[in-house]
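Build out the structure end to end from the sequences listed, making use of the hints.
2 protein chains.
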Amino acid sequence: MKNNLIFRQLMDLESSTYTYLLADKNTKEAILIDPVLEQVERDKKLIEELGLKLLYTLETHVHADHITGSGELRKALGSKCILGSGTTVDCADRLLKEGEKLKFGEFEIMAISTPGHTNGCTSYYLEGMLFTGDVLMIRDVGRTDFQQGSNDNMFQSLNKLFSYSDETIVYPAHDYSGHFSTTIGEEKKFNKKIGGHSSKEIFTERMLAMKLADPKKIKVSVPANMKCGEV
Amino acid sequence: MKNNLIFRQLMDLESSTYTYLLADKNTKEAILIDPVLEQVERDKKLIEELGLKLLYTLETHVHADHITGSGELRKALGSKCILGSGTTVDCADRLLKEGEKLKFGEFEIMAISTPGHTNGCTSYYLEGMLFTGDVLMIRDVGRTDFQQGSNDNMFQSLNKLFSYSDETIVYPAHDYSGHFSTTIGEEKKFNKKIGGHSSKEIFTERMLAMKLADPKKIKVSVPANMKCGEV
Numbered sequence: 348m349k350n351n352l353i354f355r356q357l358m359d360l361e362s363s364t365y366t367y368l369l370a371d372k373n374t375k376e377a378i379l380i381d382p383v384l385e386q387v388e389r390d391k392k393l394i395e396e397l398g399l400k401l402l403y404t405l406e407t408h409v410h411a412d413h414i415t416g417s418g419e420l421r422k423a424l425g426s427k428c429i430l431g432s433g434t435t436v437d438c439a440d441r442l443l444k445e446g447e448k449l450k451f452g453e454f455e456i457m458a459i460s461t462p463g464h465t466n467g468c469t470s471y472y473l474e475g476m477l478f479t480g481d482v483l484m485i486r487d488v489g490r491t492d493f494q495q496g497s498n499d500n501m502f503q504s505l506n507k508l509f510s511y512s513d514e515t516i517v518y519p520a521h522d523y524s525g526h527f528s529t530t531i532g533e534e535k536k537f538n539k540k541i542g543g544h545s546s547k548e549i550f551t552e553r554m555l556a557m558k559l560a561d562p563k564k565i566k567v568s569v570p571a572n573m574k575c576g577e578v
Numbered sequence: 348m349k350n351n352l353i354f355r356q357l358m359d360l361e362s363s364t365y366t367y368l369l370a371d372k373n374t375k376e377a378i379l380i381d382p383v384l385e386q387v388e389r390d391k392k393l394i395e396e397l398g399l400k401l402l403y404t405l406e407t408h409v410h411a412d413h414i415t416g417s418g419e420l421r422k423a424l425g426s427k428c429i430l431g432s433g434t435t436v437d438c439a440d441r442l443l444k445e446g447e448k449l450k451f452g453e454f455e456i457m458a459i460s461t462p463g464h465t466n467g468c469t470s471y472y473l474e475g476m477l478f479t480g481d482v483l484m485i486r487d488v489g490r491t492d493f494q495q496g497s498n499d500n501m502f503q504s505l506n507k508l509f510s511y512s513d514e515t516i517v518y519p520a521h522d523y524s525g526h527f528s529t530t531i532g533e534e535k536k537f538n539k540k541i542g543g544h545s546s547k548e549i550f551t552e553r554m555l556a557m558k559l560a561d562p563k564k565i566k567v568s569v570p571a572n573m574k575c576g577e578v
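Protein sequence lines, in the order shown, are assigned to chains A and B.
First residue of the first sequence? That's 348 in our numbering, and the numbers climb one at a time after it.
First residue of the second sequence? That's 348 in our numbering, and the numbers climb one at a time after it.
Please keep in mind that the hints were generated in silico from the structure rather than gathered at the bench.
The model shown is predicted, which means the values in this text are computed figures rather than measured ones.
Treat the hints with care, as some may be off.
No copy is singled out in the list; a pair is fine if it fits within one copy or between any two copies.
Pairs of lysine to aspartate or glutamate, EDC-like flavour, derived with a Cα cap of 16 Å [said to hold, decoys possible]:
#1 K563 x D440
#2 K349 x E474
#3 K375 x E533
#4 K375 x E514
#5 K566 x D412
#6 K539 x E396
#7 K535 x E396
#8 K372 x D513
#9 K392 x E533
#10 K539 x E552
#11 K563 x D371
#12 K536 x E396
#13 K372 x E533
#14 K535 x D513
#15 K536 x E395
#16 K372 x E514
#17 K536 x D371
Laid out in structure tokens, this is it:
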């Protein structure tokens, strides 16, 4: 990681969501990945204390388990709401296509289309780090049983992420066991769904064996997130 | 941070304790700061998956809110239990004095005596990072109202930590608001107890104004931790 990159991982303890603040130390331009509505005040305070200018909030997808803070941050700080082009979110200021980049200071973060958990799931690459949302998680992958989930797409997206070097650090949108990050190399070996094999059949079988209840907040979160949390 | 340093921050969600795994990518020699008993299996698994050899577990102090995993890790992996020389912990393999260093691979981590929260509180410095336990926390400091706590010592220890450069990244033993790290520069400015002033009187007044209940597990944790968690 370059010395002039500010990097802060943050957590919403209730939904176990990770939010990432990234900024250029020199220009003070900043972005925030997956902000959470209930943490907007915390995040604004940190941005202010660090003397940063928030240019963009980036969503990895339309979340089902929490409401985004992006709309509130836009109102308060003038940041632009960014999602992937696979979403159909009208409130967005820009929908990023595969390979498109956003600049903050001397840094550029790149969108990678990774559908599977939802149609519009987007991962972001910056300086040896991948922000993978609910696609590649720590020893696991996101569920595919709602919101246009697709095991075929997920398998393809995971393999796309696995084309990055083994050293690449992976920062997901959630973890529930106290892990904060992983690497591509580790997930290739140890991921419960896709580690140690390259078979779509084995992967699909493992995905279908999952029996999960719907997220508690799905009926509230998805419509709210289609409006950037401005409800 | 050097490229050949493995760094993992981990969390025990129940006690909000941060554990830090640090290792040399080349030699695979590793240390673990503040392991938690309930997370020993998780930590052993990660150490095994990464192919690491755990040389030492380091405690920042005798914790009152959780039981250390150091004794169990010593039994399982042969690691040595390390504490600061201000503690009187018989089970330790070594008590580090001010300025003493431990080597793992090409790295050396240094003990800094920082009493205040407890008599034996020790911070550790490595490669631009300070692991500060319950002394310097994120926008706050540890309590001083039990376990040989002392506002005078705490004030002195905080100023000792503030002699490190503003860029130094601070990793505490806990946070309760979803923050994972801070910097010396930020805490000099924004810490609720000692930020923005250098007055021992203001500091002491703010410390005395805190009214906190004892940690739930203090009566179990402290005696257990005096035995490295081997109860």
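These are the hints, each one checked on the structure:
no., hint, result
1, K563 x D440, "neither (28 Å within a copy, 48 Å between copies)"
2, K349 x E474, "both (8 Å within a copy, 15 Å between copies)"
3, K375 x E533, "between (33 Å within a copy, 15 Å between copies)"
4, K375 x E514, "between (28 Å within a copy, 15 Å between copies)"
5, K566 x D412, "within (9 Å within a copy, 38 Å between copies)"
6, K539 x E396, "between (40 Å within a copy, 13 Å between copies)"
7, K535 x E396, "between (39 Å within a copy, 12 Å between copies)"
8, K372 x D513, "between (28 Å within a copy, 13 Å between copies)"
9, K392 x E533, "between (35 Å within a copy, 12 Å between copies)"
10, K539 x E552, "within (12 Å within a copy, 52 Å between copies)"
11, K563 x D371, "neither (37 Å within a copy, 42 Å between copies)"
12, K536 x E396, "between (40 Å within a copy, 9 Å between copies)"
13, K372 x E533, "between (30 Å within a copy, 13 Å between copies)"
14, K535 x D513, "within (8 Å within a copy, 38 Å between copies)"
15, K536 x E395, "between (41 Å within a copy, 12 Å between copies)"
16, K372 x E514, "between (24 Å within a copy, 11 Å between copies)"
17, K536 x D371, "neither (34 Å within a copy, 20 Å between copies)"
Figure legend: structure checked against the earlier numbered hints; hints not met, in rising order: 1, 11 and 17.
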